[in-house]
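Student: These are the residues of each chain, in order.
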Amino acid sequence: MNNGFFKGNLVDLVPIDLDKDPENISKWDCDSEFKRQFDIVPAVMYSPILSKEWYEAASANGATMIIQTTKEKKVIGVIELDGFDWAARSAWVGIGIGEANYRGKGYGTEAMQLILEYAFQGLNLNRVNLNVFAFNTRAIRSYEKCGFRYEGTQREVIYKEDQRWDIIDMGILRSEWEERQKIWEREPVEWVQAA
Amino acid sequence: MNNQSLFQGKTIHFTAVDPEKDAAQISSWTSSPEFVRRYFDGFFRTYTTVEVKKLMKEKLKKADESRQDYYFAIRENEDEKMIGILHFGWIMLSNQSAGFDLYFSDHNAFEKYSNEALKMALRYAFMELSLHRLCLILPSYDEESILLYERAGFLRETQSRQAVFHNGKFYDQLTYGILRPEWKKLQVEVQ
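In the order they appear, the protein sequences are chains R and V.
Counting from 1, position 81 in the first sequence corresponds to residue 81 in the numbering used here; the numbering is continuous, with no gaps.
Counting from 1, position 115 in the second sequence corresponds to residue 115 in the numbering used here; the numbering is continuous, with no gaps.
No wet-lab data here; the hints were simulated from the structure.
One should not assume that every hint holds.
[Stated by the list, open to error] Derived lysine to aspartate or glutamate pairs resembling DMTMM-like cross-links, with alpha carbons at most 20 Å apart: (1) R:74 x R:17; (2) V:169 x R:176; (3) V:169 x R:85.
The shape of chain V in the complex, shown without the other chains:
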């Protein structure tokens, strides 16, 4: 067995999300429409720390019961600061298929940590969850993320026209997917 840690990286590590400790920070993220629409509750408004605490507790309880969602807090190794959230959803173990989102608190965190966080997320998906397929949804205006996932081997599979409304305009919504054989091939090439 490869005993390289699933949760400990060079610059970041994954822990549980702790509604008591993390709610204030997540509340501050809700001023970003991006965060609320894509990763939180859908309807864009700000959420108070108390609301976030309650919502996160409900989400985590549901995740614990159904085992169809997993949440990880992404923290800096230096000072434990939470800089993002990794969420696996739509997990269907019988189909060996799941979706995921990777959220970063700001542009700086994205630049610094997105490569390592994605690498760890993919290893977890294919080597621990033993998935065959992993996918995510991106809006067509998020060119930075599109580049990140395309570089990591994801393929654009679907394009839902005008499915996203952002800054006063309609954009397309894209599904990106990667299959285990594709991911494994890239691992060999890297080594």
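Bound-form chain R, shown alone:
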């Protein structure tokens, strides 16, 4: 745990490579399932040039990082901590696993755990929040695993497939995150020593 905030077992969080990554991200744009889970606006294609500009701006404003597998160093997604309120010590987080084969296998969950550790231990935040579309049940399960709690439902925000969809708000407080660390810490330490 002392080799920096951004190193996990399955994934590392690394800076965006503005030359290479926009191309990957443009590829994910063609996956409409991904687009619909990632953003509320109509799914459109962004050119690699515009993608690059967008990520240049995003990484300058907040903490936007690429999720990369530790083993084969594959770029599989993106995670972003932004919207900082330094008086309330709060921020929001957004995450997307663009590579379809890497969904539902714990990669995103670990990336989220890494960014929460960074938020609470590195930036001294008191709270992190997120929005998730109600149809994205896999993501909701992952956020619950990370300790996020349900904080309400914004009704009928999204209008797609001729239907209205809700957005779920979730949040985690520093005190809740710290409680969970106590539970998590015990087992991994013993496991590492045994190995």
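Using the hints provided, position chain V relative to the given structure of chain R.
Tutor: Just chain V, lined up with the frame of chain R:
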């Protein structure tokens, strides 16, 4: 077509925000942490007239280009004095959904004009922008505003714990939302 004006009310009317004319007044509002945090630039400090002018120009230019934000100055009918700002943001026409803020310069203006301003804002949102949903964010300590919006038919939808820091303490942040069918039902009841 109902030709009742969208912008002219009994006691107030909406106009464009004019950075040249209005900056001095907005600068004076920046001594309120409430105004800066909720409606202006987020980071609480005072802003000079020159800074406000520049910031407002940038905001309005961005709004003109993206068409995702609309700003209205709320002015008294009597003397054109600006007593508040109405801002629609997070406008997503494809989802027929948007957020908004209503700011009043002081308590007196809130008491006098908030009902009419909100009524006009809602009519604009549902009958001109043709939204299905409109929402706003309020801090849990602002009981006066909570009452205003609940009376107008808004429903408390989310409660973000400890998301606001105000006068040395944490408070929750609330999302209030209203859907077009709910608003329309209330219009019939009023008549």
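Student: If a hint holds in the structure, say so; if it does not, say that too.
Tutor: Comparing the hints with the structure gives:
| no. | hint | verdict |
| --- | --- | --- |
| 1 | R:74 x R:17 | 13 Å, holds |
| 2 | V:169 x R:176 | 19 Å, holds |
| 3 | V:169 x R:85 | 14 Å, holds |
The structure meets every hint from the earlier list without exception.
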